[in-house]
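Protein chains: 2
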Amino acid sequence: MVSSFNPTPRTLMGPGPSDVNPRILSALARPTIGHLDPEFIRLMDEVKSLLQFAFQTENELTIPVSAPGSAGMETCFVNLMSPGDKVIVCVNGVFGNRMVDNVKRLGGEAVLVEDQWGTPVSAEKLRSTLEQHADAVIVAFVHAETSTGVRSDAKALCAIAQEFDCLSIVDCVTSLGGIEVKLDEWGADAAYSGTQKCLSCVPGLSPISLSKAAVARVQSRKTPVSSWFLDLNLVMGYWGQGQTRAYHHTAPVNALYGLHESLVILEEEGLESSWKRHQHNHLALRAGVEALGLKFIVAEDFRLPQLNTVTIPDGVDEGAVRKQLLSLYNLEIGAGLGVLAGKVWRIGLMGYASNPRNVLFCVNALESVLSGNNAHINRGVATEAVQKAYSQVGV
Amino acid sequence: MVSSFNPTPRTLMGPGPSDVNPRILSALARPTIGHLDPEFIRLMDEVKSLLQFAFQTENELTIPVSAPGSAGMETCFVNLMSPGDKVIVCVNGVFGNRMVDNVKRLGGEAVLVEDQWGTPVSAEKLRSTLEQHADAVIVAFVHAETSTGVRSDAKALCAIAQEFDCLSIVDCVTSLGGIEVKLDEWGADAAYSGTQKCLSCVPGLSPISLSKAAVARVQSRKTPVSSWFLDLNLVMGYWGQGQTRAYHHTAPVNALYGLHESLVILEEEGLESSWKRHQHNHLALRAGVEALGLKFIVAEDFRLPQLNTVTIPDGVDEGAVRKQLLSLYNLEIGAGLGVLAGKVWRIGLMGYASNPRNVLFCVNALESVLSGNNAHINRGVATEAVQKAYSQVGV
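For the record, the sequence lines run as chains L and D.
Under our numbering, think of the first position of the first sequence as 1, with each following residue one higher.
Under our numbering, think of the first position of the second sequence as 1, with each following residue one higher.
Incorrect hints may have been included.
Just so you know, same-sequence chains aren't split out, so a pair can sit in one copy or run between any two.
Claimed, not checked - Here are the computed lysine-lysine pairs in the DSS-like style, where the Cα-Cα straight-line distance is at most 30 Å:
| no. | residue 1 | residue 2 |
| --- | --- | --- |
| 1 | Lys86 | Lys222 |
| 2 | Lys323 | Lys48 |
| 3 | Lys212 | Lys222 |
| 4 | Lys388 | Lys295 |
| 5 | Lys212 | Lys343 |
| 6 | Lys388 | Lys104 |
| 7 | Lys222 | Lys104 |
| 8 | Lys212 | Lys104 |
| 9 | Lys276 | Lys222 |
| 10 | Lys182 | Lys155 |
| 11 | Lys86 | Lys104 |
| 12 | Lys323 | Lys222 |
| 13 | Lys295 | Lys48 |
| 14 | Lys388 | Lys276 |
| 15 | Lys343 | Lys86 |
| 16 | Lys86 | Lys155 |
Everything labelled a hint here was simulated from the structure, so no lab data went into it.
When you get a sec, could you build the whole thing from the sequences and use the hints?
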């Protein structure tokens, strides 16, 4: 007989899931109600308006897809693309490559704008690519690359897409709630995110938002959306206005309680305050890990405060260090992904996990375990560096 | 400012979600750990083996899809079908029609075996259709039609599919845990279910199971699966054996805590005991509602004990009755769907919700509200009928 599962509490400072606010865990355990219950319909309306706030948009079609972030990505491509479409995909990490895979599977032609991992998407390259491909219909890029910790200039990239009459698809999985996301100001046409990053909710849902132009494209398709589950023409009928909901699939009721609570918390704190908090904790973590002697792989101007990608000291077995951090301190940090596997660690400071206790703890846990592994690091100076960084920003 | 959402506790006796066992709600609120954490990998292994037990199968590929039941349906079709394939779909309710929609969107040809809503799939019609369509490659049908409350003979239908060299796809959304499901004994090739029916878990995941022959078809595809998110070639890499997991998407960690707990509860009770409990409570509910004068629309031999579809007394506004049941007694029962809309109620007795307290409560709440609406029903006899039915089965 299998017994109940009681996980060891961890501190989650990897690339996500991040530490979940206890208020959200409590919300998950509230009594389940029906997915057509009038109270649930009120919840859906509130989730929509809170997501509009989080994305800074008035887009009517702003809803959570009932599946994780990669299903949110797929929702955008499967609804906006048709077979044969030419799509410009900017690739500077794992998630840009996943977009390319989506385009190909859906029978489209992907034209790549490639930048080195760890650098942002080049607006100039995008422009010259669009000049050579006047028949492109979509531009897709990642705002915050979770595999490298790089921020790209979403406003500039969306403006170029618009100039060339392309719809834009923006991956905001790791950015939403942690750094500035302003869909309407950017003029973005479709964006998707995840719940388990800077919203500090459990993984499993993917908030998306589509502009009027994007909705018009979905509604005027000549071929049906190949996915029944993700067809927004059907999903809109369920997430539509007021009481006139048409049953589509059974909504993940309790997961939506969690998302609702996470958005209530974000509204209470305020977007600017949340962004500022992420930045301050990033500066303190940076001071600490640089004092140890580790280096950031991303240039200062393009660093994500919520995802810190740092080098591994020479001669250190990075997997053994992560294993010891987990077994001794119950601390999870992330490994490198793709071409960066084995070369970097990814330290997340996302949402609820972005706080001074975690910063100090992580820096000291790293110092402790690296010392135990005889790594060449500077000892005994990191704690003070963290303290100084917080004083400088007045925290 | 939006405030936290605190739903009114309901008794869920519609077509799902059903009442969730409080043990499962507690499990959902346990601390989130990483989706690559060794403890989480142990959880995944346990979920797999518990699902093999629930489905009565040794199929290696027995996992939960990270999205609701309709995504489980789509997973089966998108992986097993290729464009141009001829698929026999048995239709005797809403969910058979949804299968047809899946086949068409994926570029297949759907050949329908149609039976009246409220009757089971006819094995003879399936056989004669297969005789006329030797080039068919898949037979798909619904084991337990949630829209009508009918059980079809899965064993007979799978055997016919096999005889004609077709893979079978079986919808077990409403059957798993409530009535006999034995994939290996049936020789079924692919089955999918939901968590929010007889497993009494929250909605959001879809357990699936594929036979060796089905996995071989997925692995030997000539065209890629059009969905990246649902491509089992990738999903298998993450749900594979032991510690060698390849990252695919971020698993819905806490939702899996819930599913794990629901399966632990099922194993503790035992499958036969669970099936028997569903049958006994169905007999008592039946005695009560028939005493009131309501009639079942499905012939006795094909009734699902977990989904009781009954007629509405003449002249009664069925929507008003459901509204009053919800507002006065916090009791949810289901409306009719599709051609049965306005004509029937669907009373669920699924999983944790299948218990004598709910049966007696529902029968009496119906009597109370119908009396208040001056319906022509037999009054004052239902309670005794329920009691008598329980004595007869020795409960």
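Okay, the hints, checked on the actual structure:
1. Lys86 - Lys222: both (16 Å within a copy, 23 Å between copies)
2. Lys323 - Lys48: For Lys323 and Lys48, only the inter-copy Cα distance (25 Å) is at most 30 Å; the intra-copy one is 40 Å.
3. Lys212 - Lys222: within (18 Å within a copy, 38 Å between copies)
4. Lys388 - Lys295: Close inside one copy (19 Å), not across copies (77 Å); limit 30 Å.
5. Lys212 - Lys343: neither (43 Å within a copy, 39 Å between copies)
6. Lys388 - Lys104: neither (50 Å within a copy, 63 Å between copies)
7. Lys222 - Lys104: So Lys222 and Lys104 pass the 30 Å test inside a copy (19 Å) and across (14 Å) alike.
8. Lys212 - Lys104: both (26 Å within a copy, 28 Å between copies)
9. Lys276 - Lys222: Cα proximity of Lys276 and Lys222: none, with 45 Å in one copy and 51 Å across.
10. Lys182 - Lys155: Classified as within: same-chain Cα gap 9 Å, cross-chain 55 Å, threshold 30 Å.
11. Lys86 - Lys104: Answer is both; intra-copy 10 Å and inter-copy 24 Å each pass.
12. Lys323 - Lys222: Neither, since 52 Å and 40 Å both go past 30 Å.
13. Lys295 - Lys48: neither (40 Å within a copy, 41 Å between copies)
14. Lys388 - Lys276: within (17 Å within a copy, 67 Å between copies)
15. Lys343 - Lys86: neither (35 Å within a copy, 49 Å between copies)
16. Lys86 - Lys155: The answer is within: 22 Å in one copy meets 30 Å, while 47 Å across copies does not.
In this structure, the hints that do not hold are numbers 5, 6, 9, 12, 13 and 15, in rising order.
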